[in-house]
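Read off the chains here:
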Amino acid sequence: MAETQKGMHKADFITALVLLGFGVMVVVQSVQMPRLEHRGINPYTIPGLVPGLLGIVMVILGGMLLARSITHGGYTLEISRRRIGQLITIPQVRRVTATLAVCLVYALGFIGRLWYPVSTFLFVFGFIVLFEYRPEQPVRTKSRRIVVAGIEALLTATVVSVVFRYLFLVRLP
Amino acid sequence: MSFEGLQMLAIGIGEFLTVRTLFDVLWATQLGIIVGMLPGLTATMGIALMTTLTFRMDPGNAVLILICMYIGSIYGGSRSAILLNIPGTPANAATAVDGHPLAMQGKAGQAIGLATTGSFLGSLIGMIMLAMFTPVIGRFALSFQSFEFFWLAVFGVVISGTLTAPKDPLKGWISGFLGLMIAMVGMEGIHAHVRFTFGNADLSGGIRLIPAMVGAFGFAEVIMMMKHTRVDVVKTEITRVIPRIKEFAKYWKTIIRSGLIGTFVGAIPGVGEDIGAWVSYDFARRSSKEPEKFGQGSIEGLMSAEVGNNAAVGGAIIPVLALAIPGSAPAAVLLAAMFIHGVRPGPLLMIENPQFVYSVVAMFLLATTAMFILGLSMVRTLVKILEVPRTKLMPIVFVLCVIGAFAVESRAFDIVIMVVFGILGYAMQEMDYPVAPMVLGIILGDILDKNLRRALVLTDGDLVPFFTRPISVVLILFILLSLVGKTRWFSRLTTMLKHGILSLVKGRKS
Chain A
1 MAETQKGMHK
11 ADFITALVLL
21 GFGVMVVVQS
31 VQMPRLEHRG
41 INPYTIPGLV
51 PGLLGIVMVI
61 LGGMLLARSI
71 THGGYTLEIS
81 RRRIGQLITI
91 PQVRRVTATL
101 AVCLVYALGF
111 IGRLWYPVST
121 FLFVFGFIVL
131 FEYRPEQPVR
141 TKSRRIVVAG
151 IEALLTATVV
161 SVVFRYLFLV
171 RLP
Chain B
1 MSFEGLQMLA
11 IGIGEFLTVR
21 TLFDVLWATQ
31 LGIIVGMLPG
41 LTATMGIALM
51 TTLTFRMDPG
61 NAVLILICMY
71 IGSIYGGSRS
81 AILLNIPGTP
91 ANAATAVDGH
101 PLAMQGKAGQ
111 AIGLATTGSF
121 LGSLIGMIML
131 AMFTPVIGRF
141 ALSFQSFEFF
151 WLAVFGVVIS
161 GTLTAPKDPL
171 KGWISGFLGL
181 MIAMVGMEGI
191 HAHVRFTFGN
201 ADLSGGIRLI
211 PAMVGAFGFA
221 EVIMMMKHTR
231 VDVVKTEITR
241 VIPRIKEFAK
251 YWKTIIRSGL
261 IGTFVGAIPG
271 VGEDIGAWVS
281 YDFARRSSKE
291 PEKFGQGSIE
301 GLMSAEVGNN
311 AAVGGAIIPV
321 LALAIPGSAP
331 AAVLLAAMFI
341 HGVRPGPLLM
351 IENPQFVYSV
361 VAMFLLATTA
371 MFILGLSMVR
381 TLVKILEVPR
391 TKLMPIVFVL
401 CVIGAFAVES
411 RAFDIVIMVV
421 FGILGYAMQE
431 MDYPVAPMVL
441 GIILGDILDK
451 NLRRALVLTD
461 GDLVPFFTRP
471 ISVVLILFIL
481 LSLVGKTRWF
491 SRLTTMLKHG
501 ILSLVKGRKS
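Chains A and B, in that order, give the protein sequences.
Residue 24 in our numbering is what sits at position 24 of the first sequence, and the numbering runs on without skipping anything.
Residue 433 in our numbering is what sits at position 433 of the second sequence, and the numbering runs on without skipping anything.
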C-alpha cells in the first residue's frame with residue numbers, strides 16, 4: 001500500500017511537470033494569438049482570452065500538484081536501467097503493452113490500408129491468439145485454439161461488416 | 001406537473017404505442033442490459049455506439065433507443081456486480097458490496113430479482129422527478145444571461161471534479177479544466193478563428209465528442225480489462241428471481257430516500273450514476289436499523305444502491321433537457337446525439353418544443369417497464385454471456401470502438417482521436433484522475449468561452465456584474481464551497497460553528 005502511494009506521488013510529480021509545461025505553452029500561444037484588430041473586433045472578444053485564462057488555471061493546479069508531490073518525496077524518481085528492466089517483467093505491464101500494440105496496429109496501421117473485413121479478421125485473430133496461445137500446451141490444444149480463433153475472427157469480421165454496411169447503412173472505414 | 005403536462009405525457013405515450021416502437025424498446029433495452037452486464041462495455045460506450053447506428057433514424061425513435069440503452073445498461077451492470085463482484089458499469093460498484101456476498105450465500109437469484117426491482121423503482125422515481133422539474137428548471141433558466149452561463153460552466157467542472165474524485169478533488173479539477181482546454185481546440189464560436197490546430201485541417205472542427213468518449217470509455221476500458229487476468233463467475237444455482245413484495249416493501253423509506261438522493265446527485269452536472277449509488281448507499285447505511293449487515297449481503301444496501309443509480313439516470317437527463325448540460329457521462333453522449341438529430345435542448349426547449357420533454361418522459365416509462373420485464377426473465381440464459389472470456393470479447397469491443405468513432409462523420413481522423421483519448425483515459429484511470437469531469441469540460445468549454453466574452457462585451461470589461469447578480473452569487477458560493485469544503489481548516493471551522501451554536505442553544509435553555 002505504502003509502495004503504491006509512493007509510486008503515485010512519483011507519477012504526480014511527473015504529471016505536475018507536464019501540466020505546468022502544458023499550461024505555460026497554452027498561455028504563450030494565447031498571448032501570441034492574433035487579436036484580429038484589422039477586423040475591428042471588440043477587444044474583450046479576442047480569441048486568446050479564454051484559453052489564456054485556462055492556461056493560467058492549469059499552471060496553478062499543476063503547481064499545487066507539484067508542491068504536494070514534492071512534500072511527499074515524489075521527486076525521488078530513482079529511474080535506473082534495472083528498474084525499467086524489472087518493470088517489463090511484470091505480467092500486467094506486458095499485457096497492457098501487448099493490448100496497446102495490437103490495437104494501434106489495427107486502428108492506425110491496417111484501417112484505411114487494407115480492406116476492412118480483412119483488417120478486422122487479422123486483428124481479432126491476432127488478438128485472441130496472442131492472449132490465448134500457450135507454448136507449453138499440447139499441440140492438439142494449441143491447434144484447436146488457433147482454429148477456434150480463426151472461426152471467431154471470421155464471424156466477427158463478416159457480421160460487423162455486413163450489419164454496419166447493409167443494416168445500419170454506415171460507410172466502412 | 002400541470003394538467004397540460006399530463007396531456008402532453010399522454011400524447012407522448014400514445015406516439016410510441018406502435019408495434020415497431022415497442023419492438024425497438026425491447027431489443028434496445030435487452031441490448032443495453034447485455035452491454036451493462038459485460039465488464040468493459042459501459043453505458044457511455046453503449047450509447048455512443050448506438051448513436052452511430054441510429055443517426056439515420058428519425059429523432060424520436062433514435063432518442064428512444066438511446067434512452068432504452070441508457071436505462072438497460074445502468075441496470076445490466078448489477079448482474080456482473082452480483083455474480084462476478086465486478087461492476088458492469090461504474091454505476092454498479094456499490095451494488096457489488098452487498099450483491100456479491102448475497103450470491104456467495106447462494107442467493108444470487110434473489111439478489112438479481114431485488115436489484116431489478118430496485119432499478120425499476122429508482123427509474124420510476126427519476127422519471128417522476130424528470131417530468132416535474134425539467135419544465136420548472138427550464139423556465140427558470142430562461143432568466144440566465146451570459147454571466148450565469150459562465151458561472152454555471154465553472155460550477156459544473158468544479159463540482160464534478162470534487163464529487164467524482166472525493167479522495168483527491170485536485171485531480172478532479174485538473175481533469176475538468178483539461179476538458180475545458182481540449183474544447184478550445186478548433187474554430188471558436190464568435191469570430192470563427194481557428195485555435196491550437198498547428199496547421200492540421202482535421203482539427204479545425206474541434207475535438208468531436210463521440211470519438212473522444214468512445215476512446216475514453218471504450219478503448220480505455222479494453223486496456224483496463226486486458227490488464228487483469230480472468231475472473232470466474234460465481235457457480236450458484238439461480239432459483240427464485242421474482243421477489244416477494246414483503247422482501248422490499250419493508251424498506252420503502254430507504255427506497256424513496258435513495259430515489260430522491262439518486263435523482264438529485266444525478267442532476268448535478270457531470271457527477272453521474274456511480275456517485276448517486278454511493279451517496280444513496282451511504283445514507284441507507286447511516287439510517288439503517290441493521291447497519292452491521294451492510295457489506296455482508298444486506299438487502300437494504302443492495303436496494304439503496306440500485307434505486308440510487310437508476311434514479312440518477314432521470315436526474316442526469318433533467319439538466320440535459322433544461323440547460324443542455326449533462327448530469328453524467330452517458331447523458332453527455334445523449335446530449336450530443338440529440339444535437340446530431342436536430343433537437344436543441346436547453347432553456348428554449350420549453351418554449352420551442354415542450355412536447356419533446358414529455359416525449360422523453362414517455363420514452364423513460366417504456367424503457368423502465370421493458371427493463372423490469374426483461375430483467376426478471378431469461379436470467380439463466382443471460383448469465384452464460386458473462387462466461388465469455390475477455391480475450392475473445394475485448395477485440396470485438398475494440399472493433400466496435402473503431403467503427404463507432406468513424407461512423408458518424410466517416411472521418412479516419414476520428415479513429416486517431418478515439419485512440420488518443422483511449423490512451424489518455426487509461427492513463428488518467430491509472431493515476432486516479434476521474435474521466436467524467438474532462439468529458440463535461442469538453443462540452444462546457446464552448447459555453448464558458450462564448451459567455452465569458454459576451455458578458456465582458458455587455459459590461460464593457462467591468463467585472464462587477466459577474467459577482468453581484470443574484471444567481472451568479474449563489475453559483476459562486478457553491479463553487480467556493482466545493483473548492484474549500486474538503487480542506488482541514490473548513491472542517492475545523494464548521495465543527496467550531498456547530499459547537500458554538502450548540503452551546504448557545506444550551507445556554508438559552510438553561
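To be clear, the hints were calculated from the coordinates, so they are not data collected in a lab.
Hints are supplied without guarantee of correctness; some may be wrong.
Quick list of in silico lysine-lysine cross-link-like pairs, BS3-like style, CA-CA up to 27 Å [stated by the list, open to error]: (1) K227/B <-> K392/B; (2) K10/A <-> K293/B; (3) K10/A <-> K227/B; (4) K167/B <-> K384/B; (5) K142/A <-> K498/B; (6) K486/B <-> K450/B; (7) K486/B <-> K6/A; (8) K392/B <-> K142/A; (9) K498/B <-> K486/B; (10) K142/A <-> K227/B.
Ranges of calculated distance between the beta carbons of each label pair, as one might list FRET restraints [said to hold, decoys possible]: (11) T494/B <-> A67/A: 21 to 27 Å; (12) K142/A <-> I256/B: 32 to 38 Å; (13) P135/A <-> I385/B: 27 to 33 Å.
Using N, Cα and C, we set each Cβ at its ideal position, and we do this for glycine too.
Are K486/B and K6/A close enough, with their CA atoms no more than 27 Å apart?
holds (22 Å)
- prompt: Is the hinted pair K227/B and K392/B satisfied, with a Cα-Cα distance of at most 27 Å?
  reply: Roughly 14 Å separates the two Cα atoms, so the pair holds.
query = Are K392/B and K142/A close enough, with their CA atoms no more than 27 Å apart?
reply = Answer holds: K392/B to K142/A is near 16 Å, not above 27 Å.
Notebook entry, point to check: Taking 27 to 33 Å as the hint, is the beta-carbon distance of P135/A and I385/B inside that range?
Noted result: Since the Cβ atoms of P135/A and I385/B sit about 30 Å apart, the hinted range of 27 to 33 Å holds.
request  = Mind checking the alpha carbons of K142/A and K498/B for me, to see if they're no more than 27 Å apart?
outcome  = With Cα atoms ~69 Å apart, K142/A and K498/B exceed 27 Å; violated.
At the C-beta level, are K142/A and I256/B separated by a distance inside 32 to 38 Å? With Cβ atoms ~58 Å apart, the hint is violated.
(message) For a C-alpha distance cap of 27 Å, please report whether K142/A and K227/B respect it.
(response) holds (23 Å)
Checklist entry - Between T494/B and A67/A, is the Cβ distance one that fits in 21 to 27 Å? => result holds (25 Å)
- Hey, K498/B versus K486/B, does the alpha-carbon distance stay inside 27 Å? holds (17 Å)
query: Between K10/A and K227/B, does the CA-CA distance stay at or below 27 Å?
result: Satisfied, since the Cα-Cα distance of roughly 21 Å is no more than 27 Å.
> CA of K167/B to CA of K384/B, is that 27 Å or under?
Replying inline: Violated: K167/B and K384/B sit about 37 Å apart, past 27 Å.
Distance restraint between K10/A and K293/B, which requires alpha-carbon spacing of 27 Å or less
violated (39 Å)
The structure shown violates the earlier hints numbered 2, 4, 5, 6, 12.
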